[in-house]
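Respectively, the protein sequence lines represent chains A and B. According to the numbering used here, the first sequence is numbered sequentially starting from 1. According to the numbering used here, the second sequence is numbered sequentially starting from 1.
No incorrect hints appear here.
A few chain A residues facing chain B, derived, Cβ under 10 Å:
(1) Arg34
(2) Thr38
(3) Tyr164
(4) Leu167
(5) Ser184
Everything labelled a hint here was simulated from the structure, so no lab data went into it. Backbone N, C-alpha and C fix where the C-beta goes; we use that ideal spot for every residue, glycine too.
Number of protein chains: 2
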Amino acid sequence: MSVYVALLHYPVYNRNGHVVCSAITNLDIHDIARAARTYGVSGFYVITPLEEQRLLLDRLLRHWREGYGAHSNPDRKAALELVTVVASLPEAVALITREVGTEPDLWGTGATTAGPSLSYHEARERLHQGRPTVILFGTAWGLSSEVLRLATYLLPPIRGATSYNHLSVRGAAAVILDRLLGQSP
Amino acid sequence: MSVYVALLHYPVYNRNGHVVCSAITNLDIHDIARAARTYGVSGFYVITPLEEQRLLLDRLLRHWREGYGAHSNPDRKAALELVTVVASLPEAVALITREVGTEPDLWGTGATTAGPSLSYHEARERLHQGRPTVILFGTAWGLSSEVLRLATYLLPPIRGATSYNHLSVRGAAAVILDRLLGQSP
Numbered sequence: 001m002s003v004y005v006a007l008l009h010y011p012v013y014n015r016n017g018h019v020v021c022s023a024i025t026n027l028d029i030h031d032i033a034r035a036a037r038t039y040g041v042s043g044f045y046v047i048t049p050l051e052e053q054r055l056l057l058d059r060l061l062r063h064w065r066e067g068y069g070a071h072s073n074p075d076r077k078a079a080l081e082l083v084t085v086v087a088s089l090p091e092a093v094a095l096i097t098r099e100v101g102t103e104p105d106l107w108g109t110g111a112t113t114a115g116p117s118l119s120y121h122e123a124r125e126r127l128h129q130g131r132p133t134v135i136l137f138g139t140a141w142g143l144s145s146e147v148l149r150l151a152t153y154l155l156p157p158i159r160g161a162t163s164y165n166h167l168s169v170r171g172a173a174a175v176i177l178d179r180l181l182g183q184s185p
Numbered sequence: 001m002s003v004y005v006a007l008l009h010y011p012v013y014n015r016n017g018h019v020v021c022s023a024i025t026n027l028d029i030h031d032i033a034r035a036a037r038t039y040g041v042s043g044f045y046v047i048t049p050l051e052e053q054r055l056l057l058d059r060l061l062r063h064w065r066e067g068y069g070a071h072s073n074p075d076r077k078a079a080l081e082l083v084t085v086v087a088s089l090p091e092a093v094a095l096i097t098r099e100v101g102t103e104p105d106l107w108g109t110g111a112t113t114a115g116p117s118l119s120y121h122e123a124r125e126r127l128h129q130g131r132p133t134v135i136l137f138g139t140a141w142g143l144s145s146e147v148l149r150l151a152t153y154l155l156p157p158i159r160g161a162t163s164y165n166h167l168s169v170r171g172a173a174a175v176i177l178d179r180l181l182g183q184s185p
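Chain A extracted, bound-state conformation (with noise of 0.2 Å):
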């Protein structure tokens, strides 16, 4: 399988419906990137324009993958190895393609997704026929219409047993992947 995931902070929706550029947000990237590494996914690209935060980023990822967090937490080392920051989307498709040889599939996420969608299961199985994939993920108020537009598929929103869908951004990502590459017994 090739199974990747992207946490886009550009363009995302504001409370308002306004698009925008969030902060990157520290637990946002360890959580994605601890259950991407127990699901098994090929890389995880943090996306956002703003120079300066990838520059913060990078420091930070340089201190657990090779400074004094790598020799203390190891298996947090071993989640942040698979973080990628780009300033683009697109910049993270092409990463991709030259690396498994053929554009990705993109799907989208959000609480109140809208269009050509797969259900979970189909999703599962189209991952497990090991076609390249990039699950995309949006912070804030969700992906901007813009971003979802490009998407291949759409994801159904998480349900639970009520009619409020407000997780994190941490906590849906943790669920699809669980619902597409978990184990369970």
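Dock chain B against chain A, hints included.
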């Protein structure tokens, strides 16, 4: 269904296998409350013997439930209304027993649990039969054996494609609630 979640800050292991009391992490409370609300959980007990930490968390909760946060983010209010802060697991069990009229089952979770365990399929059926149940989550390096011994059953560790399982407690709680209570189209 009468499903409750408890997050224990004591007694849990540190990385060296010693029993410690961990500090409350603000995002744990928010993320697990949001997942609990999404999956229709009846209550979320945050457990720490440290009075100062309980007072601090109660103050944060007031902001979101009654203060400015309640107005600015009603979805967060709906999630954090599930939270009750108590000093010990027996205190949480006593409150739940009073609420549901019978002593609930306790289910343990962890990355390396060993003991009488239910499969996720069995666990899901059992919850849907209506037996009041508290799912116990540990912070830091996980619930100590003295807590796991109190559990009626242990849920299997979360597995992905790999032997790496170092999800955050936030991520593990979201995945476990999804496996037990999610509706996957």
